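Enquirer: Turn these sequences into a full structure, and let the hints steer you where they fit.
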Amino acid sequence: MPTLIFEKQSYQRNPDETVLDCLLRHGVSVPHACRNGVCQSCLMRSTDSDPPAPAQHGLKDSLRQQRYFLACTCAPEGDFAATLSGPVLIQLPARVISVEKLTRRIARVRLNPEGAFDYRAGQFINLARGDCLTRPYSIASLPYTEDFLELHVARHEQGRMSRWIHDELQPGNELAVSTPLGECCYRPEHPEQPLLLVGTGCGLAPLYGVIRDALHHGHTGPIWLYHGSRDREGLYLVEELRGLAREHDTFNYVPCLDSPAAGEADFTARRAHEAALARHTDMKGWRVFLCGHPEMVNQTKMKTYLAGAALADIHADPFYLTAL
Amino acid sequence: MTQSLYEQLGGEPAVNAAVDIFYRKMLADNRVNRFFEGVDMDRQAGKQKAFLTMVFGGPANYTGKDMYEGHKHLIKMGLNDSHVDAVIENLGNTLKELGVKDELIAQVAALANSVRDDVLGRGH
Numbered sequence: 001m002p003t004l005i006f007e008k009q010s011y012q013r014n015p016d017e018t019v020l021d022c023l024l025r026h027g028v029s030v031p032h033a034c035r036n037g038v039c040q041s042c043l044m045r046s047t048d049s050d051p052p053a054p055a056q057h058g059l060k061d062s063l064r065q066q067r068y069f070l071a072c073t074c075a076p077e078g079d080f081a082a083t084l085s086g087p088v089l090i091q092l093p094a095r096v097i098s099v100e101k102l103t104r105r106i107a108r109v110r111l112n113p114e115g116a117f118d119y120r121a122g123q124f125i126n127l128a129r130g131d132c133l134t135r136p137y138s139i140a141s142l143p144y145t146e147d148f149l150e151l152h153v154a155r156h157e158q159g160r161m162s163r164w165i166h167d168e169l170q171p172g173n174e175l176a177v178s179t180p181l182g183e184c185c186y187r188p189e190h191p192e193q194p195l196l197l198v199g200t201g202c203g204l205a206p207l208y209g210v211i212r213d214a215l216h217h218g219h220t221g222p223i224w225l226y227h228g229s230r231d232r233e234g235l236y237l238v239e240e241l242r243g244l245a246r247e248h249d250t251f252n253y254v255p256c257l258d259s260p261a262a263g264e265a266d267f268t269a270r271r272a273h274e275a276a277l278a279r280h281t282d283m284k285g286w287r288v289f290l291c292g293h294p295e296m297v298n299q300t301k302m303k304t305y306l307a308g309a310a311l312a313d314i315h316a317d318p319f320y321l322t323a324l
Numbered sequence: 001m002t003q004s005l006y007e008q009l010g011g012e013p014a015v016n017a018a019v020d021i022f023y024r025k026m027l028a029d030n031r032v033n034r035f036f037e038g039v040d041m042d043r044q045a046g047k048q049k050a051f052l053t054m055v056f057g058g059p060a061n062y063t064g065k066d067m068y069e070g071h072k073h074l075i076k077m078g079l080n081d082s083h084v085d086a087v088i089e090n091l092g093n094t095l096k097e098l099g100v101k102d103e104l105i106a107q108v109a110a111l112a113n114s115v116r117d118d119v120l121g122r123g124h
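In the order they appear, the protein sequences are chains G and D.
In this text, residue positions in the first sequence follow my numbering: the first is 1, and each later residue adds one.
In this text, residue positions in the second sequence follow my numbering: the first is 1, and each later residue adds one.
Calculated from the structure, these hints are not laboratory results.
Take these hints with a grain of salt, some might be off.
[As the list claims (entries may be wrong)] No farther apart than 20 angstroms at their CA atoms in a straight line, the calculated lysine to aspartate or glutamate pairs in the EDC-like style are these:
1. D:Lys72 x D:Glu37
2. D:Lys65 x G:Glu192
3. G:Lys284 x D:Asp66
4. D:Lys72 x G:Glu77
[Unchecked claim] Over 12 angstroms on every C-beta distance to chain D, these chain G residues come out as not near it, computed from the model:
5. Glu7
6. His57
7. Asp313
[Said to hold, decoys possible] Beta-carbon label-pair distances, calculated as ranges:
8. D:Glu37 x G:Tyr320: 50 to 58 angstroms
9. D:Asn80 x G:Asp167: 57 to 65 angstroms
10. D:Pro13 x G:Lys101: 48 to 56 angstroms
11. D:Ser114 x G:His156: 47 to 55 angstroms
12. G:Ala278 x D:Glu37: 52 to 60 angstroms
None of the values given here were measured: they were computed from a predicted structure.
Just so you know, even glycine gets a beta-carbon here, dropped at the ideal spot from N, CA and C.
Expert: Now the structure itself:
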C-alpha cells in the first residue's frame, strides 16, 4: 500500500485512491468542494516529485512548475508527499453587506472584501466560513462600477453552506474569500463576435457579469442569454434582464422554464440549452459561455463545438454540488 | 533548402487550425465517436494536437510504446483497422478543407499509417 506524507505525517493510501479521499478517510480536515478538479479549493503542493499530469489540469503554468496540484484528482502511482499550498490561496476577510432573497431558492449576497480586490467579471472565488467550510461561488458584480462583491447562492436542501447562507448569514458577519479564479470572462478585443450564454439556476451569476461587461465595452455583435430553471424559483433578475434587453438592441434575453404554469406564458417552455441549440444551428465564430448544471454544461459544450464553435471559444463552468 | 513537411504544412498554427476541424469530424463520425464518450474534451484536444503534430512531421514526443499504451483500453472496446482507416480518412478531409495539396496529404497519411501496428497493439 502506498504511503502519503501530508504535512510530515504519514498515511496509508489505497491504490487508486486520490490524495483528497485518503486524507478525508483518515479524518484529516482539508479544504475541498467540487471533487471534480474544477474549483481548485483543494490546491496542494508536492514536496518531493512532479504530480501526475491530470492533477495539474487547469492550473496556471507558474503553479504547475512549482508542483501545485489538485488533491481531488491526484492519484499518484506510488508514495507521495504533499503540503497545503500556503500563500497562493490568499484568504481576504470580507464583511457581509446584505443577504437578500431574490426568490425562495436564490439569495443575493453582497460582500465587502478588505483592501484591494482585483477580479474580472465572470471569475469565481472560494468562500470560507469561520470553521473553514469552503465552497466556490461565481462573481456576478462588475469590478469597475460596483464597489461590492456579489454572489448568487441557490439553496440546496443537502447543502451545508447554502442552507447556512440562506438561513443564518447576517449583514456584518465576516467571511473569507480566496483570490479570484477562472477564465469565464469577456474579451474586449473581439467586439463583433456573437456571444451565446446559457445558464441554469445560479449559473446566471457569472453570465450576468460577463453580459454587463460586454455591454459596458460597447460589444457590437449579438448577445444571446438563455437562462433556464425547472420552475420560477430558479429564475431571477428577470425584470433587470428584460430592462437590459430593452436598452440594448444587441442583447437578447430568453428565460426558459421546463414546464411553465398558467400565467407564465412569457417564458419559453423548453430547457435553456435546447432552446439555444434549436435557434443557433451554425456556431462558427461564436463565443460560448455555459454555467450551471454539469450535465447541461458538458452536453452543450459538445453540441456547440459540433455546431462549429472553436473549442478555445467555449467556456464551460460546471457547478458541481459538494456531497456532505 | 527544401522545407520539411511540417514547415510546408505551416507548422504549429496549421496544427491548431487542424485540431479543431479534425476532432469535430471524429466526434461526428459514428464509426469512431463511441471511443470518445465520457472523455474530457479539452484534454482530448490536447492529445489530438500531439497526434497531429506527429503526423505533420513535427517535433513529436510520441513513441510506439506511448501509442500502444494510449490505445490499449480501446482495443478491448473493439478498436481495429477499420477505425484507423476512419481516422486517416478524417485527417485527409481535414487537410483538404484547409486547402492542403494532395501530395502533402499523402505524406501525412503515410505517417499516420506508420503507427497503425503500435496503435492496434501488434508486436506489443
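Enquirer: For every hint, state whether the structure bears it out.
Expert: We went through each hint and held it up to the structure:
| no. | hint | result |
| --- | --- | --- |
| 1 | D:Lys72 x D:Glu37 | 16 angstroms, holds |
| 2 | D:Lys65 x G:Glu192 | 46 angstroms, violated |
| 3 | G:Lys284 x D:Asp66 | 34 angstroms, violated |
| 4 | D:Lys72 x G:Glu77 | 19 angstroms, holds |
| 5 | Glu7 | 30 angstroms, holds |
| 6 | His57 | 7 angstroms, violated |
| 7 | Asp313 | 10 angstroms, violated |
| 8 | D:Glu37 x G:Tyr320: 50 to 58 angstroms | 20 angstroms, violated |
| 9 | D:Asn80 x G:Asp167: 57 to 65 angstroms | 58 angstroms, holds |
| 10 | D:Pro13 x G:Lys101: 48 to 56 angstroms | 51 angstroms, holds |
| 11 | D:Ser114 x G:His156: 47 to 55 angstroms | 53 angstroms, holds |
| 12 | G:Ala278 x D:Glu37: 52 to 60 angstroms | 23 angstroms, violated |
Of the numbered hints stated above, those contradicted by the structure are hints 2, 3, 6, 7, 8, 12, listed in ascending order.
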